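A.B. asks: Here are the chains, one letter per residue:
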Amino acid sequence: MIIAGTMPIKGLDLVIGKATLKGDKIIINNKEFPVSMGTGALIGAVLKTLEYFGEKDVKIITAGDIGEGDGSLKIYNALKEIDDDLLIIHYIKPKISKIKEIDFSPKIIADAGGMYAAKAANIGDKFYLFLPDVGELAFLADEKATHPAYVRGFISEIDDKEVPKLIERAYKLKMPKYMVVKGETDYIVKEGEITNTIKEPKIEAMECIGGTGDTLTGIISSLISVGFNAEEAMSLGCKINRKLGEVANAKPNTQVIEIISTIPKALEMTLKQIKQ
Amino acid sequence: MIGKLKNLFKLKKETKKEKESLEGKGLIIFENTKDAMKAENILKGKYKIKVVAPPAEIREGCDLAIEYELIDEFGIKRELEINGIKPLKFISLSDYSLKPLELIKVKEVDGFILVRCGNMKITIDKEGNIVNISGGGCPDVPYLALKLKGKNIKEIKEEETPKNLGFTLCAYTLHKAYEKAKELVNE
Chain B
2 MIIAGTMPIK GLDLVIGKAT LKGDKIIINN KEFPVSMGTG ALIGAVLKTL EYFGEKDVKI
62 ITAGDIGEGD GSLKIYNALK EIDDDLLIIH YIKPKISKIK EIDFSPKIIA DAGGMYAAKA
122 ANIGDKFYLF LPDVGELAFL ADEKATHPAY VRGFISEIDD KEVPKLIERA YKLKMPKYMV
182 VKGETDYIVK EGEITNTIKE PKIEAMECIG GTGDTLTGII SSLISVGFNA EEAMSLGCKI
242 NRKLGEVANA KPNTQVIEII STIPKALEMT LKQIKQ
Chain L
905 MIGKLKNLFK LKKETKKEKE SLEGKGLIIF ENTKDAMKAE NILKGKYKIK VVAPPAEIRE
965 GCDLAIEYEL IDEFGIKREL EINGIKPLKF ISLSDYSLKP LELIKVKEVD GFILVRCGNM
1025 KITIDKEGNI VNISGGGCPD VPYLALKLKG KNIKEIKEEE TPKNLGFTLC AYTLHKAYEK
1085 AKELVNE
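Just so you know, the sequences run in chain order B and L. If you're matching positions, the first sequence starts at 2 in my numbering and goes up one per residue. If you're matching positions, the second sequence starts at 905 in my numbering and goes up one per residue.
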């Protein structure tokens, strides 16, 4: 599995290497990175999930970017040739021309900026899985929008109840085979059809915590990489991510590192519940 | 006949190509040509921009406009503001009805206040301390989260606000949420 995404460090050049977790830091090529929201939280969640399954093979392609696009550009260029069959594209500045140039031979999971770029370029069908929240789903459903913050008026009023309608609308455009719409209820989607919904446990504070969407992407991607089929991985991943909030006794001021550290326990509990 | 059909096909292909080239682009409209030229000097090299003639239906007195990438709008606005240039408007080229999202929702969660604007969320405690920032997908969001978390919203200096630290549309929507959260604390 390859994770490609930026780190919030100005001027950091391209870093490519294997990642390990040491306390609240990620180590790549002897460099330390914080496990904060974004790519850091995603990597942390992947490492913790793989650890449970006795795996650790994850390659990172990262560069520093604080929004100016310099690091993102380096990552796009590094994605022109990929030596793995599963790629996750995460926090990256959306560039329509650059996303069209990447190597589409692996299964590609896109979240955050990676998903924005894929949709804006209208090439969503080249991807394997998107993980939008409700607001991002509205953006995916708007054929004109190129960023979730730049949309038409009707998007502004959306709420969770409109998710099935928005999924139908999104799938009239170019969308990946699979989608997880995360929110009060998580929707599992295959080729435009809702195949499962997950509502429990409901931990409201998780919405406040920066990085809980990243952990969901990390857990689902890891489950796929260890052999779960996509639908199993999506449903199980949503259940585990919700369980994290319960195990960590999450409050709105809980930080994502506290959530990530509970992954093995929440995973164990969820798998046990399913077997019963 | 075949020649005519070929031309028609070529025209259709060119229109499609032209439409695709406008995807994700916006236009800055200025009050006068002088401002447009000054803006070009300031922005070139830093952003991917092009000086163009605005379409007739949105022409507002000036015959020069600047085409830019929508994602860069926030950084460009700040750059022009620093240099004292006030454009008339920023519009999306793929559809003039597209505009930055400004709808804000507020809710209380376990005694904390969550303010949401579009895809961005900011959570503060009752004293105004920023405890979490979530949502979004552009690279400046994790940067802004690191910079702002733990600070009291009443004490953040102007140069440390999302508006002044961020570059992308995600930063723009976060700033809207930030402003609302500050207003709630000051009430």
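Worth flagging that the hints you see were computed from the coordinates, not collected in a lab. Keep in mind that a hint or two might mislead.
[Stated by the list, open to error] Quick look at which bits of chain L chain B covers, simulated, 3 or more residues with Cβ under 8 Å:
1) 934 to 945
2) 980 to 992
[To be verified] No more than 30 Å apart at the CA atoms, straight line, and that leaves these computed lysine-lysine pairs for DSS-like:
3) Lys203(B) / Lys1011(L)
4) Lys266(B) / Lys1053(L)
5) Lys1061(L) / Lys252(B)
6) Lys993(L) / Lys99(B)
7) Lys81(B) / Lys252(B)
8) Lys952(L) / Lys145(B)
9) Lys75(B) / Lys1067(L)
10) Lys11(B) / Lys952(L)
11) Lys1084(L) / Lys75(B)
12) Lys952(L) / Lys81(B)
13) Lys145(B) / Lys948(L)
14) Lys990(L) / Lys1011(L)
15) Lys173(B) / Lys26(B)
16) Lys1067(L) / Lys948(L)
17) Lys252(B) / Lys1011(L)
18) Lys99(B) / Lys948(L)
19) Lys99(B) / Lys1051(L)
20) Lys178(B) / Lys1053(L)
21) Lys1053(L) / Lys145(B)
22) Lys99(B) / Lys1009(L)
23) Lys99(B) / Lys942(L)
24) Lys1084(L) / Lys99(B)
25) Lys173(B) / Lys1051(L)
26) Lys75(B) / Lys948(L)
27) Lys1067(L) / Lys26(B)
28) Lys99(B) / Lys1061(L)
29) Lys942(L) / Lys952(L)
30) Lys952(L) / Lys993(L)
31) Lys1009(L) / Lys200(B)
32) Lys929(L) / Lys175(B)
33) Lys948(L) / Lys81(B)
34) Lys948(L) / Lys203(B)
35) Lys276(B) / Lys173(B)
Small disclaimer: the values here were computed from a predicted structure and weren't measured. Beta carbons are placed, not taken as given, at the ideal position from N, Cα and C, and that holds for glycine.
A.B. asks: Each of the hints needs a verdict: does it hold here or not?
C.D. replies: These are the hints, each one checked on the structure:
Check result for the segment 934 to 945 of chain L against chain B: violated, 0 residues qualifying (beta carbon to beta carbon below 8 Å, three or more required). Under a criterion of three residues with beta carbons nearer than 8 Å to beta carbons of chain B, the stated coverage of the segment 980 to 992 of chain L fails, only 0 such residues being counted. With a C-alpha separation of about 16 Å, the suggested pair Lys203(B) and Lys1011(L) falls inside the 30 Å cut-off, and the hint holds. Our distance criterion of 30 Å between C-alpha atoms is met by Lys266(B) and Lys1053(L), whose separation comes to about 28 Å.
The suggested pairing of Lys1061(L) with Lys252(B) holds, with an alpha-carbon distance near 27 Å, which does not exceed 30 Å. For a cut-off of 30 Å, the pair hint linking Lys993(L) to Lys99(B) stands: about 27 Å separates their Cα positions. With a CA separation close to 41 Å, the supplied pair Lys81(B) and Lys252(B) exceeds the 30 Å bound. Among the hinted pairs, Lys952(L) with Lys145(B) is consistent with the structure: their alpha-carbon atoms are about 21 Å apart, no more than 30 Å.
Restraint check: the Cα-Cα separation between Lys75(B) and Lys1067(L) comes to about 25 Å, which is no more than 30 Å; the hinted pair holds. With a C-alpha separation of about 20 Å, the suggested pairing of Lys11(B) with Lys952(L) holds against the 30 Å cut-off. Of the supplied pair hints, the one linking Lys1084(L) and Lys75(B) is violated, its CA atoms being roughly 36 Å apart against a limit of 30 Å. The suggested pairing of Lys952(L) with Lys81(B) holds, with an alpha-carbon distance near 22 Å, which does not exceed 30 Å.
For the hint linking Lys145(B) to Lys948(L), the alpha-carbon distance of about 27 Å falls within 30 Å, and the restraint holds. A C-alpha spacing of about 35 Å is found between Lys990(L) and Lys1011(L), which places the hinted pair above 30 Å, so the restraint is violated. A distance of roughly 42 Å separates the Cα atoms of Lys173(B) and Lys26(B); the hinted pair therefore is violated under the 30 Å criterion. For the given pair, Lys1067(L) sits about 21 Å from Lys948(L) by alpha-carbon distance, which is consistent with the 30 Å threshold.
Taking the CA atoms of Lys252(B) and Lys1011(L), the gap is about 14 Å. The hint holds against a cut of 30 Å. Simply put, Lys99(B) and Lys948(L) have alpha-carbon atoms about 20 Å apart, close enough for the 30 Å limit, and the pair holds. Using a Cα cut-off of 30 Å, the hinted pair Lys99(B) and Lys1051(L) holds, with the two alpha carbons roughly 29 Å apart. A C-alpha spacing of about 37 Å is found between Lys178(B) and Lys1053(L), which places the hinted pair above 30 Å, so the restraint is violated.
Between the alpha carbons of Lys1053(L) and Lys145(B) the distance comes to roughly 34 Å, so the proposed pair goes past 30 Å and is violated. The straight-line distance between the Cα atoms of Lys99(B) and Lys1009(L) is roughly 34 Å, outside the 30 Å bound, and the hint therefore fails. A threshold of 30 Å between alpha carbons decides the hint, and for Lys99(B) with Lys942(L) the separation of about 29 Å falls inside it, so the pair holds. Under the criterion of a C-alpha separation no larger than 30 Å, the hint pairing Lys1084(L) with Lys99(B) is inconsistent with the structure, at around 35 Å.
Only pairs whose Cα atoms come within 30 Å are accepted, and Lys173(B) paired with Lys1051(L) is rejected, the gap being roughly 40 Å. Proximity of Lys75(B) to Lys948(L) is assessed by CA-CA distance (about 20 Å); at most 30 Å being required, the pair is judged to hold. With a C-alpha separation of about 29 Å, the suggested pair Lys1067(L) and Lys26(B) falls inside the 30 Å cut-off, and the hint holds. Between Lys99(B) and Lys1061(L), the direct Cα distance comes to roughly 36 Å. Violation of the 30 Å bound is thereby established for this hinted pair.
For the hint pairing Lys942(L) with Lys952(L), the CA-to-CA distance comes to about 16 Å; that is within 30 Å, so the pair holds. Annotation: proposed proximity of Lys952(L) to Lys993(L) holds, straight-line Cα distance about 18 Å (limit 30 Å). At roughly 22 Å between alpha-carbon atoms, Lys1009(L) and Lys200(B) fall within 30 Å of each other, so this suggested pair holds. Only pairs whose Cα atoms come within 30 Å are accepted, and Lys929(L) paired with Lys175(B) is accepted, the gap being roughly 20 Å.
Between Lys948(L) and Lys81(B), the direct Cα distance comes to roughly 27 Å. Compliance with the 30 Å bound is thereby established for this hinted pair. Proximity of Lys948(L) to Lys203(B) is assessed by CA-CA distance (about 49 Å); at most 30 Å being required, the pair is judged violated. For a cut-off of 30 Å, the pair hint linking Lys276(B) to Lys173(B) is broken: about 37 Å separates their Cα positions.
The structure fails hints 1, 2, 7, 11, 14, 15, 20, 21, 22, 24, 25, 28, 34, 35 (numbered hints given earlier, in ascending order).
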